[in-house]
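Peer 1: Protein chains in written order, with the working numbering: chain A, 1 to 194; chain B, 195 to 797; chain C, 798 to 1116; chain D, 1117 to 1220.
If you are wondering where the hints come from, they were derived from the structure by calculation, not from laboratory data. Watch out, some of these pointers could steer you wrong.
[Stated by the list, open to error] For each label pair, taking beta carbons as the anchor points, the in silico distance ranges come out as: (1) H866/C <-> V1131/D: 54 to 62 Å; (2) D659/B <-> A903/C: 32 to 40 Å; (3) Q158/A <-> L770/B: 36 to 44 Å; (4) H866/C <-> T387/B: 17 to 25 Å; (5) S255/B <-> Q123/A: 42 to 50 Å; (6) Q346/B <-> E979/C: 30 to 38 Å; (7) L845/C <-> K1184/D: 54 to 62 Å; (8) T387/B <-> E53/A: 53 to 61 Å.
We put the CB at the ideal spot given by N, CA and C, even for glycine.
Chain residues, written in single-letter form:
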Amino acid sequence: MSHPATAHHTSTGLDSRKLAFWMFIGSECLLFGSLISTYLVYQGRSVQGPTPEEILNIPLTSISTFVLLMSSLAMVLALAAVIRGDRTWSRLWLLATALLGAGFLGFQAYEFVTFVHEGLTLQTNLFGSTFFVLTGTHGAHVFIGVVWLLTLLVRSLQGKLGSDKAMNVEIAGLYWHFVDVVWIVIFTVVYLLS
Amino acid sequence: MATSVAHQAPGGPAALGSRIWSWVTTTDHKRIGILYGVTAFAFFLLGGLEALIIRLQLASSGNTVVSAEAYSQLFTMHGTTMVFLAIMPLSAAFFNFIIPLQIGARDVAFPRLNAFSYWVFLLGGLFLNASFLAGAAPNAGWFGYANLTSTQYSPGLNIDFWVLGLQVLGVASIAAGINFIVTIINLRAPGMTLMRMPVFTWMSLVTQFIIVTAFPVITVALVFLMFDRFFGTTFYSVAAGGDVLLWQHLFWLFGHPEVYILILPAMGIISDVIPTFSRKPLFGYAVVVYSGLLIGILGWGVWAHHMFQVGLGPIADSVFSATTMLIAIPTGVKIFNWIATMWGGKIKFTTSMLFAVGFIAMFIIGGLSGVMHASPPADLQQTDTYFVVAHFHYVLFGGAMLGIFAGIYFWWPKVTGRLLSERIGKLHFWLTIIGANLSFFPMHFIGLLGMPRRIYTYDPALGLDTMNLVATIGAFTMGLGALVFVVNVVWSRKRGTPAGNDPWGGATLEWAISSPPPVYNFSVIPEVRSRLPMWAEDGMTPVPETPPSPVHVPAGSYWPALAATGIIVMAIGAILKTLLITLGGVAVLVVSIYAWSFEPFEV
Amino acid sequence: MALAACSREYPQSALHPTADFGDQIDVLFRTIFWWAVGVFVIVEAALLFVLFRYRDRPGAADPKRVHGHTLLEVAWTLAPAVVLVFIAVPTIRTIFRTEAAPPADALTVEVIGHQWWWEFRYPDLGLVTANEMHVPQGRAVVLSMTSEDVIHSFWAPKLGGKRDVLPGRTTRIVFTPDSIGEVYGQCAEFCGESHANMRFRVMVDAPEVFALWADRQLQPAVPVDSLDEPLRQGAQVYLTKGCLACHAITGVSAGVLGPNLTHVGSRTTIASGILPNTPEGLTRWLRNPVGEKPGSLMPQIPLTDDEMALLVAYLQSLN
Amino acid sequence: MSDQPAHSDHKHPSVGTYLTVAGVLTVITLVEVGVFYVPAFARVLAPVLLTLSAAKFVLVVMFYMHLKGDHRFFKLFFTLPLVIAVVVAVALLLLFGTVSGSPS
Ligand code: HEA
Ligand code: HEA
Ligand code: CUA
Ligand SMILES: [Cu+2]
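For reference, chain A alone in the conformation it holds in the complex (with noise of 0.2 Å):
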């Protein structure tokens, strides 16, 4: 997002950016994985329903997860234009990963509207506020990434985003690529082993 004081001299050689990026990405570890602890700690302590086993739409999330998966593979197709300085791949790209992303929102609210009218709300039993919070955080991250990617699309439309700006789209990436990771663990956990 900003520029490093010294973008052209490290003691590392590596980028101040991504350097600090796989750092926070390291601190978004601990937050998810303080999430999800929660979530199986609390796994059946409900007193109430509804269950997972009631609720949870399985084929529907599987494909919601394959939409996010496919979501990294045009993220790295997209930074691999922006390097070779392909503008129309770079933007179609961008394109295709936002609204991936944008897609996977959309059968998660979906869901979310889903589990409201069967009576599962945040306030409900355990189960659902350890679940909404849980899915409800990554969702807020999908949602970020989302808004970047567009501005990134924007900067590229503007023709901003040339390729001596790969950075910009490889720490994007960074961050979609880890959010999409920790959306795999949340599937396992959450959807197959409930």
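Since the structure of chain A is already known, use the hints to place chains B, C and D with the ligands on it.
Peer 2: What follows is chains B, C and D with the ligands alone, placed relative to chain A:
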């Protein structure tokens, strides 16, 4: 937008408005360091004032200086203030001012992010203390155990202030943590290998790593609590099947690493002070560094030693007891290396050195009582009594705070260009060390003889009036010491001896440049060839007084301060339960982030 | 004996145990304490020696630039490790001993924490009391503890270590008291405004005395109609002023919000150890519960002086 | 930022690699969902699914985030917190008796 040095007329008679504005928009790590230092010290005095009222109330068994409710607010705010608003940001003041100088950098890696951290810290601290004005300061203790913090048992705004305030402060800490890690890894001068870094920089690096990993955990715990209080979730609700121990585990998963966040910077400080005044290099540099790393890692595996009394079962008790005791080994190694550094040296008892030695003497006591806590059966008689209060004041005040004072006296001349008075300084030291022991030593007995902590009144039949009075007298002696320090600061601003580049004959890079350092720090970034560049023959390439060519420093930016304002507005909206204000805060934040990202800003 | 004197001077001391649980902790603590004193003396002495011996003296030569010494580093890494073994082994042994299963003939007392008083139930004996626990000397006692509201902690230092009293969980303390007498205790986990006023007493009785006490506690209160005149009027006050909504007196009322008052007259203190159980103490309590105990959940109930005297006399008669 | 220091020390994988990885990820996801619906796997469901998901995790991190072959500081900054998070999670599950026998 970059200004060159020539334009930045230092000390020019600028209008007050623009002087203030230049501080608000500053991105200079040195000025931000000063801001951190001044703010945090003010909070320290506030926390100390709270402590004095606490001690006044406890001076005798029947006292009614404050009400029960006010007392709860006082100890909660005292603990919270000292930990989050005094010691941590005082350390941050050193990170800011000293680290770039010690590694030979022009600034930190992300100067505007750095300013942002400060403003978030300042506004977060003010927000937390604004609760006093609302008559609803947090009142559930600094570790705010669930379910006392639930709406059912704490219906007022007290806990709302606490939850929101701590989350805001967490943002500042994590942002600063990442910033300093990158700074230390990436902005070292040529030749400054990791194993040539000053120990203070090393311990800061470990500290930042702990901050970056531990704060997300408390953030999650606080988010749960916030959702419980604002949106009716059931994380800590026993009736819904929730478990009150969840909070305790999450809190102490953060809370124990936090105590090393508080002590490691101080350990780093004295690792630089002691060699300087012993005229000897640090004994076992590598061992001191590795033991710091080990403490940082081991610190993650001991959290449940704060929970022996909840009945975790014999196996968990044994495991956590053993891991806790292990930490005594790397810590002991550090102590022995400091003593060995002085061994055979030529010790000059400056005020800074006195505080460093005071640190060692006091920390040993606090560490040993820590080991007594580490034994679960023994701890069952100690936990939640004044014995624990004694333990953690020996390590926090006797350790962290004395270490910080050592650092203040050590680097003050670098920051201001003038020395603090040694005469007043020594008075400060003796009042502080005598007061601290007078206050905290009897607390061991007060605890073992039956006084729980967090009680605003106690039964005269316990027979503890005299000892409590002594503790109170000690506290006021410390308070006097603090006032003497303030006098010293005021006095030496005008009349202190000019320091020159290197008043102590220090070994590390920061002593190579003028005091106070110019905006751009090093006129030419030196090449470092030794761990003790100032002491070694040809330890570094020379740093000329004036830069051979103009050095560009960035102009300030007000976006960081504005982004911080956005965050605090969000918290204010939450306290007022007004969604519109919160959304306004979000808008300010988003706009600031975008403006900040696209603002041209180069060094 | 000095110890006994000490013990009277400090009735809530952890250093003067009167039960096996406390004894085991005490032995362990003393072991650790002396090791710590040893370390303290050696290290602080070394520190002082160095400070004195190597202080800057005029004309002293510049010190040699020593950077370290591997053997020394190894030595002072191992030395603390060895000391810690001597601390850890008895620690772990004591953990398992003090958390062992209680003997089969142990007396079970259910402890229920409330903001800010203690409820004690004896399921085997079928009796309920508050704030003063009686236990027989020489018999193992199991405290089975839980909380009605927030976290409290049961701490009677002379009997042994504390254990938290958690809502939604049951925790346990096992001890066998070895000497007769009154033991002070107090809630040790911050539980809100009147945490400081959540005290209790444990009365360790000779077995016969305990049996007698239990018998007396099991007696229901005298029915109001069969009471003599002033007491009957006192009982009427109790029944008409709303006390019955919160308090239980077997055979008279069945409230559950406040302490069971069936034998309140037999206690030495009231309101969890903050006032003596005398007419004056009771009057002060009933005049202004929240004034005596900030935040107390017992409301102030307006009574005339006459009503007060009658009520107090009635409560005192419940023994 | 005219130069790209971070790119000098490692090469990004080719588009072909990306597509291959995507293929493998898709297959694993299919297997996961498949395994979930096959009753025969019910007893070993947890270990199988955890392994599969770990495999996906590693693939994305190694290839899409190019941690494979990237600088050791990047690896360290990610791996150390990740290990802490996993160890803490396992410890919590043990302490709360989610994994085996409930304490107290
Ligand atoms: C700066 C902060 C700091 C530091 C450094 C420490 C250091 C240690 N602490 Fe402390 N601790 C706190 C701050 C700190 N603590 C706070 C704030 C609390 C209370 C929180 C609250 O409840 O509000 C607390 C509470 C606390 C408890 C819980 C008590 C309870 O509530 O029941 C325990 C239990 O094990 C403990 C243990 C230790 C140990 C073993 C160390 C070790 O790291 C100490 C190691 C040092 C030495 C041992 C001395 C030097 C070593 C030698 C000279 C070598 C030879 C020594 C031996 C062989 C023993 N601490
Ligand atoms: C780093 C941390 C730190 C520091 C430095 C201190 C410093 C002090 N602390 Fe504190 N303390 C804690 C951290 C700290 N404390 C924590 C975490 C708790 C637990 C809270 C809880 O239970 O939730 C605690 C609890 C605590 C208690 C227990 C309260 C209770 O359980 O009921 C007591 C009681 O004596 C106490 C006393 C003191 C004293 C006398 C000092 C002295 O060292 C203070 C010395 C400084 C001064 C005296 C300042 C001088 C100021 C002036 C002279 C006035 C200034 C003027 C203006 C502001 C205009 N502290
Ligand atoms: Cu109950 Cu403190
Ligand atoms: Cu700890």
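Peer 1: Which numbered hints turn out to be false for this structure?
Peer 2: none
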